[in-house]
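Residues per chain are reported as follows:
Protein chains: 2
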Amino acid sequence: MAKKTRVSIAVVRRLPRYHRYLEELLKKGVKRISSKELSEIMNITASQIRQDLNVYGGFGQQGYGYNTEELYKKLSEIIGIGKTYNMIIIGAGNMGQALANYPNFEKYGFKIIGIFDRNPKMFGLKIRDVEIMDVDKIGEFVRHNRVDIAIICVPSENAQKVADKVVEMGIKAIWNFAPTDIDVPDDVVVENVHLSDSLLSICYRMNEDDLFKKLGKK
Amino acid sequence: MAKKTRVSIAVVRRLPRYHRYLEELLKKGVKRISSKELSEIMNITASQIRQDLNVYGGFGQQGYGYNTEELYKKLSEIIGIGKTYNMIIIGAGNMGQALANYPNFEKYGFKIIGIFDRNPKMFGLKIRDVEIMDVDKIGEFVRHNRVDIAIICVPSENAQKVADKVVEMGIKAIWNFAPTDIDVPDDVVVENVHLSDSLLSICYRMNEDDLFKKLGKK
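Chain order of the listed sequences is A and B.
All the letters of the first sequence, read from the start, carry residue numbers 49 to 266 under my numbering.
All the letters of the second sequence, read from the start, carry residue numbers 49 to 266 under my numbering.
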């Protein structure tokens, strides 16, 4: 089973969101913000915000609110932004290519240093200066380069095999875009982005009122 | 504020996951499964599974477990799979193109019927037989075609404007890939896929042990 978090997964999900909102506020020149104001723009209760931040020491002054820049920096530290993280993409299909082209990751220090596929026609092609290599050469690549995160963009049926391989090579974090869950030892971080699940949850929410009517619930 | 769900968002997130696991089981020829077995493969407690399904009537027979195919069909009904949903993509950059190329959505009835961009060089190009059109023509397109879901893949700074526009045209569901939250009226479903948030949560989880050591917590 993948690595567990010390705080609830809900808190883990909110941390990047706080960070994102504070970045927006900083861009707008907002120097100070109360937990009440932050609560209103983020749609989270003020007490939830205080509770979340208290896990890491709390940073507001009663009655004065938060210094935006200070809180932003603290959140960056909490999340671990500021170092460089090397990533490889496995599977250079549509999703792999889209991620390789995504410029937003670099600003937080996430660098794609290798892309791998099993299609020989792709070997040697480059996406934003990063070469697509033979998937059989991952082992060699990882021995010569520090890789922090493996991004899995292969079809479902190969996802577990690829995951096993990257775990065996000592990579401790996997960002999984294959539409299936993967098993890893409990010192490995796995984050799934299951787009079909996300779409089906929209589907459910569009139909929920009708469903409850049919079920005879208001 | 976007449309609220009648059940907790955690339940909404689990429904597509149940559906996915049952589909896998069906493919493997598993005809019957107990909530305990399902619980083990899905890493959810058996009582959670029973509780989730009870919202919609419950479907297992005490001691006999679930009929896989029946439960799969029931979950499809609950989620609303089986109808056709028409989608448009706004923003034909990397992410928009990757989604347009994603074959997995169609099997559940989600069909991309239009792609829009503001770059004239793209007008007339096709992705899997769907034409890229001028974003200014969305209004006209929506008047002549039923659109159920708008997929927003534009940069942050344009996301709210685009969301306002699609809401104004009467579209009731938005799948938002722009790295920013959007405001919509409370009869509109919004599902955000914030990839940077997802990546930052990996980052946090990789660093959490060190962070708690620094904070002096075990």
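No lab work stands behind these hints, which were simulated from the structure alone.
Careful: at least some of the hints might be erroneous.
Any copy, or any two copies together, can satisfy a pair, since identical chains are not distinguished.
Stated by the list, open to error - For lysine-lysine, the following PhoX-like pairs were computed, each having C-alpha atoms within a straight-line distance of at most 20 Å:
no. : residue 1 : residue 2
1   : K75       : K220
2   : K131      : K52
3   : K76       : K169
4   : K185      : K174
5   : K220      : K265
6   : K122      : K75
7   : K155      : K213
8   : K169      : K79
9   : K209      : K131
All values derive from a computational prediction rather than experimental measurement.
Legend entry - 20 Å Cα threshold - placement of K265 relative to K220: This pair counts as neither: shortest intra-copy Cα distance 46 Å, inter-copy 22 Å.
Inset, instruction - Could you place K76 and K169 in one of the four classes (within, between, both, neither) given a Cα distance threshold of 20 Å? - result: Cα proximity of K76 and K169: none, with 47 Å in one copy and 33 Å across.
Inset, instruction - Could you place K169 and K79 in one of the four classes (within, between, both, neither) given a Cα distance threshold of 20 Å? - result: Neither: 52 Å inside a chain and 42 Å across chains, both beyond 20 Å.
Legend entry - Homomeric proximity label, K185 with K174: Cα distance no greater than 20 Å: within (16 Å within a copy, 35 Å between copies)
Legend entry - Identical-chain pair category, K122 with K75, by Cα at 20 Å: Cα proximity of K122 and K75: one copy only (17 Å, versus 48 Å across).
Inset, instruction - Up to 20 Å between alpha-carbons, please classify K209 paired with K131: within, between, both or neither. - result: neither (30 Å within a copy, 34 Å between copies)
Inset, instruction - Give the relationship of K75 and K220 under a CA distance limit of 20 Å: within one copy only, between copies only, both, or neither. - result: Classified as neither; 34 Å inside a copy, 31 Å across copies.
Legend entry - Alpha-carbon proximity context of K131 and K52, limit 20 Å: Answer is neither: 22 Å inside a copy and 38 Å across each miss the 20 Å cutoff.
Legend entry - Identical-chain pair category, K155 with K213, by Cα at 20 Å: Cα proximity of K155 and K213: none, with 29 Å in one copy and 30 Å across.
Against the hints set out earlier in the document, violations occur for numbers 1, 2, 3, 5, 7, 8, 9.
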